[in-house]
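Protein chains in written order, with the working numbering: chain A, 843 to 1095; chain B, 13 to 140.
If you are wondering where the hints come from, they were derived from the structure by calculation, not from laboratory data.
The C-beta atom is built at its ideal place from N, Cα and C for all residues, glycine as well.
Careful: at least some of the hints might be erroneous.
Straight-line C-alpha distance at most 25 Å; calculated SDA-like pairs for lysine to any residue [claimed, not checked]:
#, chain 1, residue 1, chain 2, residue 2
1, B, K104, A, E914
2, A, K968, B, V105
3, B, K24, A, T982
4, A, K968, A, D932
5, A, K924, A, E883
6, B, K92, A, Y1022
7, A, K968, B, E114
8, A, K968, A, A923
9, B, K92, A, R983
10, A, K895, A, K1045
Simulated restraints on C-beta separations [as the list claims (entries may be wrong)]:
#, chain 1, residue 1, chain 2, residue 2, range
11, B, K104, A, S1055, 32 to 38 Å
12, B, Q87, A, D1017, 24 to 30 Å
13, B, G103, A, D888, 19 to 25 Å
Computed footprint of chain A on chain B, listed as stretches where at least three residues anywhere in the stretch have a Cβ under 8 Å from a Cβ of chain A [as the list claims (entries may be wrong)]:
#, region
14, 18-27
15, 100-107
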Amino acid sequence: MPALENTFLFVEPQQHYLDYGSVVLHDIISKNRRAGQIITELIGPDANPDRVKQELGRMSPIVTCGIGHGNETTYTVECTAKLFDTSSTDLNLLADKVVSLCSCLTAVELGPAIIDAEAVAYTGYKTEFWFYIGADPGTTRAVQSPFLAEFEFVASLLQGKNTSSARADQLKKYDEEINYWISGDGKNDTDASELSRILEMNKANSVFLGEGSVQPSPSAPTILVSGTTPWLWIGMAATMSFLIYREIKGKSY
Amino acid sequence: MTKQVVSNWFSKLGQSEKNLPLLIYQGIVYTPQAVYDEVMRGSPLGDALQSLIEKQSFGTSAEDEQTVAKLRLTQIMRTKPDKPLFATLSGKVFTPSELLGEIENNTDIGRQWVGTEISHMRRIVSVR
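Between the sequences and the hints, there should be enough to build the whole structure, so can you do that?
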């Protein structure tokens, strides 16, 4: 089955510190989802290999995004259970899809294998993806910051942008977060030193492969309504009324 | 040359950055605070340090860059509570002292942090 527009699958495991990223991803989905999109979030125990593969087959989502531990050849989900590796015979489940893996090292071998399996685009990391665990998940800007930059890619896809624009937005968000900790409002935060460096490492190791023109969630047709539109219609109606009145008046003579 | 360049640069840095070693001039390491003080004093040394800031240069060799980067990371990590603060999505967790051990032992992780620190120094000296 070809990948379906406006259909998104998110994989959000919780254990082994993965809740630090999953809570941010969940929040980003809530803030950026639009009417008409079909969104499935597999959270905690539901983020297991069988369920993820079942949903990939059932939904055929055009975007699949997940956080999980990984290495050069392997991406794992909840309880570090393997979802895919370079030798998986079912990588074709990712064909025609945009695949975004927030994980370590998968850009070395697994990412190219996913593209070879005919995914249209892939994002991931070629070395370690770092994050900060100095406070509980989701409680401070410091623990969220690396994931705010990482998940800007899917935020932009949810907003209707294509893969190239979403990638540009992600890199721009990295710079915004780095500048926040170096010379912005966060520069005197006690965690500023660590965060600026973590973000710089993650940005330098972030990888995009595939096509830039894929638009997973094209805008629905809309009627343009601006503040001036009612006045335009009133003006046109008044002009027409005057012309009709003059015509009738002219005929009455 | 105007002192305003250094003054503006210095004011944009966070407090922790102001006291980390950054520039090497004639074999001596200077923090942004020391650079600022020297430039405001109007000394010949201040002029030389200001010139480095304007050129966005550390004034060091590649070997010196590595040394300064390690000094900076050591200074940062020693001010942090020694509890797990850093994690990766390959399942690794580090305390500041464990991370310093990676840097001292020149492991892949240590080299990644040192390389990033050198890039970070470039970014700091380029703040405008």
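For each hint, the structure was consulted:
1. K104/B - E914/A: 15 Å, holds
2. K968/A - V105/B: 19 Å, holds
3. K24/B - T982/A: 23 Å, holds
4. K968/A - D932/A: 23 Å, holds
5. K924/A - E883/A: The hint holds at about 18 Å.
6. K92/B - Y1022/A: It holds: about 20 Å lies between the C-alpha atoms, which stays within 25 Å.
7. K968/A - E114/B: Holds: K968/A and E114/B sit about 19 Å apart, inside 25 Å.
8. K968/A - A923/A: 21 Å, holds
9. K92/B - R983/A: 18 Å, holds
10. K895/A - K1045/A: The hint is violated at about 29 Å.
11. K104/B - S1055/A: 32 to 38 Å: Holds - the Cβ-Cβ distance for K104/B and S1055/A, about 37 Å, lies within 32 to 38 Å.
12. Q87/B - D1017/A: 24 to 30 Å: 26 Å, holds
13. G103/B - D888/A: 19 to 25 Å: Check passed, 21 Å falls within 19 to 25 Å.
14. 18-27: That given contact holds, which follows from 4 residues of the region 18-27 of chain B lying within Cβ reach (below 8 Å) of chain A.
15. 100-107: holds (count 6)
The structure shown violates just one earlier hint, number 10.
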